[in-house]
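Number of protein chains: 2
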Amino acid sequence: MSAIKELQERFAEIMRLHYISALLGWDQEVNMMNYKSLEGRSKQVALMQKLIHQRETSEEVGKLINQAKKENLSEIEGAMLREIEREYTLATKLPEKLVMEIAETSILAAKEWREARAKSDFSIFEKLLVKTVELQREKAEKLGTHPDLYSTLIDLYEPGATYDWIANIFNPIRPKLIDLVKKLNSSPDQPDGSIFEKSYDEDTQFELSRKVIEKLGFDFGYGRQDKVTHPFSTSLAALDVRITTRTTEPFPDCITSTIHEHGHAIYEMGISKELHDTILCNGTSMGIHESQSRMWENIVGRSKEFWMYWYPAFQKHFPENLKDVPLDEFHRAMNIVKPSFIRVNADEVTYGLHIILRFEIEKDLIEGKIQVKELPEIWNSKFEKLLGIVPPDDAKGVLQDVHWSMGSIGYFPSYFLGNLYAAQIYNKALQKLPSLPEDYKKGEFSTLLSYLKENIHQYGSIYRSSELINRVTGEDLNSNYFLKYIENKFIPIYRL
Amino acid sequence: MSAIKELQERFAEIMRLHYISALLGWDQEVNMMNYKSLEGRSKQVALMQKLIHQRETSEEVGKLINQAKKENLSEIEGAMLREIEREYTLATKLPEKLVMEIAETSILAAKEWREARAKSDFSIFEKLLVKTVELQREKAEKLGTHPDLYSTLIDLYEPGATYDWIANIFNPIRPKLIDLVKKLNSSPDQPDGSIFEKSYDEDTQFELSRKVIEKLGFDFGYGRQDKVTHPFSTSLAALDVRITTRTTEPFPDCITSTIHEHGHAIYEMGISKELHDTILCNGTSMGIHESQSRMWENIVGRSKEFWMYWYPAFQKHFPENLKDVPLDEFHRAMNIVKPSFIRVNADEVTYGLHIILRFEIEKDLIEGKIQVKELPEIWNSKFEKLLGIVPPDDAKGVLQDVHWSMGSIGYFPSYFLGNLYAAQIYNKALQKLPSLPEDYKKGEFSTLLSYLKENIHQYGSIYRSSELINRVTGEDLNSNYFLKYIENKFIPIYRL
Chain A
2 MSAIKELQER
12 FAEIMRLHYI
22 SALLGWDQEV
32 NMMNYKSLEG
42 RSKQVALMQK
52 LIHQRETSEE
62 VGKLINQAKK
72 ENLSEIEGAM
82 LREIEREYTL
92 ATKLPEKLVM
102 EIAETSILAA
112 KEWREARAKS
122 DFSIFEKLLV
132 KTVELQREKA
142 EKLGTHPDLY
152 STLIDLYEPG
162 ATYDWIANIF
172 NPIRPKLIDL
182 VKKLNSSPDQ
192 PDGSIFEKSY
202 DEDTQFELSR
212 KVIEKLGFDF
222 GYGRQDKVTH
232 PFSTSLAALD
242 VRITTRTTEP
252 FPDCITSTIH
262 EHGHAIYEMG
272 ISKELHDTIL
282 CNGTSMGIHE
292 SQSRMWENIV
302 GRSKEFWMYW
312 YPAFQKHFPE
322 NLKDVPLDEF
332 HRAMNIVKPS
342 FIRVNADEVT
352 YGLHIILRFE
362 IEKDLIEGKI
372 QVKELPEIWN
382 SKFEKLLGIV
392 PPDDAKGVLQ
402 DVHWSMGSIG
412 YFPSYFLGNL
422 YAAQIYNKAL
432 QKLPSLPEDY
442 KKGEFSTLLS
452 YLKENIHQYG
462 SIYRSSELIN
472 RVTGEDLNSN
482 YFLKYIENKF
492 IPIYRL
Chain B
2 MSAIKELQER
12 FAEIMRLHYI
22 SALLGWDQEV
32 NMMNYKSLEG
42 RSKQVALMQK
52 LIHQRETSEE
62 VGKLINQAKK
72 ENLSEIEGAM
82 LREIEREYTL
92 ATKLPEKLVM
102 EIAETSILAA
112 KEWREARAKS
122 DFSIFEKLLV
132 KTVELQREKA
142 EKLGTHPDLY
152 STLIDLYEPG
162 ATYDWIANIF
172 NPIRPKLIDL
182 VKKLNSSPDQ
192 PDGSIFEKSY
202 DEDTQFELSR
212 KVIEKLGFDF
222 GYGRQDKVTH
232 PFSTSLAALD
242 VRITTRTTEP
252 FPDCITSTIH
262 EHGHAIYEMG
272 ISKELHDTIL
282 CNGTSMGIHE
292 SQSRMWENIV
302 GRSKEFWMYW
312 YPAFQKHFPE
322 NLKDVPLDEF
332 HRAMNIVKPS
342 FIRVNADEVT
352 YGLHIILRFE
362 IEKDLIEGKI
372 QVKELPEIWN
382 SKFEKLLGIV
392 PPDDAKGVLQ
402 DVHWSMGSIG
412 YFPSYFLGNL
422 YAAQIYNKAL
432 QKLPSLPEDY
442 KKGEFSTLLS
452 YLKENIHQYG
462 SIYRSSELIN
472 RVTGEDLNSN
482 YFLKYIENKF
492 IPIYRL
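Those protein sequence lines, which keep their order, are chains A and B. Read in our numbering, the first sequence has 188 at position 187, and its numbers run on one by one without any break. Read in our numbering, the second sequence has 137 at position 136, and its numbers run on one by one without any break.
Since the hints were made in silico from the structure, they are not lab data. Values in this document were obtained by computation on a predicted structure and should not be read as measured data. The reader is advised that the hints may include incorrect statements.
If several chains are the same, the list does not tell them apart, and a pair holds so long as it fits within one copy or across any two.
List of simulated lysine-lysine pairs, DSSO-like, C-alpha gap at most 30 Å [what the hints assert, rightly or not]:
#1 Lys184 - Lys132
#2 Lys64 - Lys305
#3 Lys212 - Lys112
#4 Lys317 - Lys442
#5 Lys37 - Lys339
#6 Lys274 - Lys37
#7 Lys184 - Lys383
#8 Lys94 - Lys339
#9 Lys120 - Lys70
#10 Lys64 - Lys51
#11 Lys370 - Lys212
#12 Lys94 - Lys51
#13 Lys51 - Lys98
#14 Lys397 - Lys228
#15 Lys212 - Lys37
#16 Lys274 - Lys128
#17 Lys370 - Lys386
#18 Lys429 - Lys442
#19 Lys433 - Lys70
#20 Lys132 - Lys143
#21 Lys274 - Lys98
#22 Lys212 - Lys120
#23 Lys216 - Lys112
Pulled out of the complex, with its shape left as it was, chain A reads as follows (with noise of 0.2 Å):
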């Protein structure tokens, strides 16, 4: 057997490994929220990495590796090998020691982060963040991707990018967003967001997101929906891609998060099966899995064309709501930008300043330059000076997110690149097919759909972000189209 084959073997089995503990993460949040000890599944959860990581360092695999350079590669096998190597590169820097207590700390600190968001009080939390900060950092020196610390978390979410990137892009748009939410507060005619004050009945909402997200592509024979507090998709096998709706929020945060959950999941449901059960069967970032979800919850599922179709289905299901609200008016409470203190609830334009924040925090944390303590402090005094507002609470502040918890340090810049990244190809699909907004009026969305497997879903991770979004769009990810996109979206709104 070739060197490139029986690699191929081995990563198969561990990609197995992988879904197997997503299935455990999958039930730990879908099915464990009411135990009183996670002890015995943080143990499964350690052991399952222990194995992974075993698998990956094993001396075997770096023999291998050097053989199938020397072999005849074709396109895919080659971009295997990539991805291969890049696996053994990181995992061999790794102590199991350190694989298996970041894998553990993350199931008990995610119970602590719960508890302290309920109670809105960090100092539960705190202890935990520490040793997850501690554990992060340690992970981070000794993978020594790149010189600074937080660009090497970066790269595992995003491969290729780094700090200096990232707020190279960054940078230059925070003022225009603050700018441009100046500009819509000041609009004479603001949109009338009371009817998202009622109350929607939870199953109906949930049943709607159901059908939304059918019609959207979503194939219920390799994959389910279920209820949880905090959404996210999952793939447990290649057929089998999950992803979770909370109906807790205020409507509409159910169908849209339904949607942008959809997106990811889509994504992982279009793969050639070719690349089924090899290393590439996976998105090949986080910006440009961002980049799917947050096209279809935003783009498309914030639009008015989109609407146009869906609009009479919810007014027949929520008469007492919405029998009387013009479409354009619930359109536009749909699209309202303002300062608000959750990040997964922000709108469109106020979005990337969580992410910003978030950004630059994150950097101080790993860095030393701030401590775990001081957190809440910094987090509010930089939240007043980006958005104008300071959180009542933790839970509404620091405390919001699920991410540091799980020793997710360097994720958040993803969904911020995924916005710049749904625009700039969401552009290049409009160009080849003009007549999408009018395909969504009539409820067909497959257009999309096709155009988006077969330019990036089939290709799973063969192609890195950076060469990806060239093949897709033909220039390096910028931020113009993004900027174009809200301009052109929100000052029609704000009737400006």
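Once you have looked at the hints, place chain B on chain A.
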């Protein structure tokens, strides 16, 4: 480190892999019913079996066992070593390929069986059942624990038991059961079961079943109850025991089958903390396990005293069906003895005949005396002999049980052994705690639970079933107590 401690650590890891496997199985049953493909999952299950098998059969384990035998062991350590050696001996006889093939086939066969049962078409299941039987035969041949293949398989579920031992217990009961059924059915005063032909709201059934087991001691902080098509119980960690419930069968199946699964779960939940994460953290045999489930389900859950406490709540929730039905009539209706097609719905008297049927068929099947394709016919003719009726189709006949699809040949006898163990243990409990029935009237079930915990549950697998039954009751397993129990119960119910 001593050899026994090192073995303990190794088998703690194996236990965790078993728990993770159990999650894969639980999830498949609870969450993947509508999936178009189980291919990814079946490979994951096979991989976990491979990892377990590799660990159980490692040379080091063999060496450590020999070393540990020379060490000065506590009673618990001695029991651990016994179980570890048993696992090692069994596992080393089975080639890895066979273990993985059995695992993969069981997932795929379960899917075919489900379809076959839904369509009542044996031919859909036939091919994979042939394969399953062949694999089980190969497994039994390789293991060779006993001179005959069937005893070797039985021994996997009821360590120490053989075909002959069980036949010697079952054979004398068989005519007595048939006689008792005839006698009861000749009574001029037959209970009226028509109240169970009415419709009972499924959500209310589920809610009530939940309340019942909560009162019986099920702790929802360490477990879950979910809806499925086939009830079962499974441990995903020492403190994560899950049961499943169905609400689709005629009332009160939901309640009695939930109490049954609760009986399994509460056994596992009651194992001493000292045994957590060890090979002894399991019920000691499937027969003893079934004794717990069937004791709670039948001896307690179908007793008059139990319903003296619960019936008012049920009347309140189902007023249209039960308001005007006196307790006595309800109790008689749920204890109707009558030949019927489905094992899990059978009454306490005919139940044993359903098991004897399977016991005889399994013996001939595994020894090649009957072929898979003959099964439907043989099933029906034997069924007529034992129960006097012929299944109208294979869904109500040979296709009704999931066990064979999972490769579980040799499990069925455990159910009836469970009835016998249960009656013998309960007889002893009543001697020591004569007020038990009075307790039930007051909704007090912790007296019985404490007795079972103290005498059975806490020990996990420290004592083999033959030793355990002697410790608890002072004698070997025998059918006297069961026969006395059903006579004492059903003769008065039938007013003879």
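Hints and how they fare:
1. Lys184 - Lys132: Answer is neither; intra-copy 43 Å and inter-copy 72 Å both fail.
2. Lys64 - Lys305: Cα proximity of Lys64 and Lys305: none, with 56 Å in one copy and 71 Å across.
3. Lys212 - Lys112: Between copies only: 27 Å across chains, 32 Å inside a chain, cut-off 30 Å.
4. Lys317 - Lys442: within (18 Å within a copy, 51 Å between copies)
5. Lys37 - Lys339: neither (39 Å within a copy, 44 Å between copies)
6. Lys274 - Lys37: Answer is between: at 15 Å across copies they meet the 30 Å cutoff, but 41 Å inside does not.
7. Lys184 - Lys383: Result: close within a single copy only, 21 Å intra versus 84 Å inter.
8. Lys94 - Lys339: Classified as neither: same-chain Cα gap 45 Å, cross-chain 69 Å, threshold 30 Å.
9. Lys120 - Lys70: Neither: 54 Å inside a chain and 53 Å across chains, both beyond 30 Å.
10. Lys64 - Lys51: both (21 Å within a copy, 24 Å between copies)
11. Lys370 - Lys212: neither (48 Å within a copy, 53 Å between copies)
12. Lys94 - Lys51: Both: 14 Å inside a copy, 28 Å across copies.
13. Lys51 - Lys98: Result: close both inside a copy and across copies, 8 Å intra and 24 Å inter.
14. Lys397 - Lys228: For Lys397 and Lys228, the Cα distance is within 30 Å only inside one copy (22 Å; across copies 36 Å).
15. Lys212 - Lys37: Classified as between; 19 Å across copies, 35 Å inside a copy.
16. Lys274 - Lys128: between (45 Å within a copy, 28 Å between copies)
17. Lys370 - Lys386: within (19 Å within a copy, 83 Å between copies)
18. Lys429 - Lys442: within (20 Å within a copy, 74 Å between copies)
19. Lys433 - Lys70: For Lys433 and Lys70, the Cα distance exceeds 30 Å both inside one copy (38 Å) and across copies (75 Å).
20. Lys132 - Lys143: within (16 Å within a copy, 50 Å between copies)
21. Lys274 - Lys98: Between copies only: 26 Å across chains, 36 Å inside a chain, cut-off 30 Å.
22. Lys212 - Lys120: Answer is between: at 29 Å across copies they meet the 30 Å cutoff, but 35 Å inside does not.
23. Lys216 - Lys112: Close across copies (27 Å), not inside one copy (35 Å); limit 30 Å.
In summary, the numbered hints that this structure violates are 1, 2, 5, 8, 9, 11, 19.
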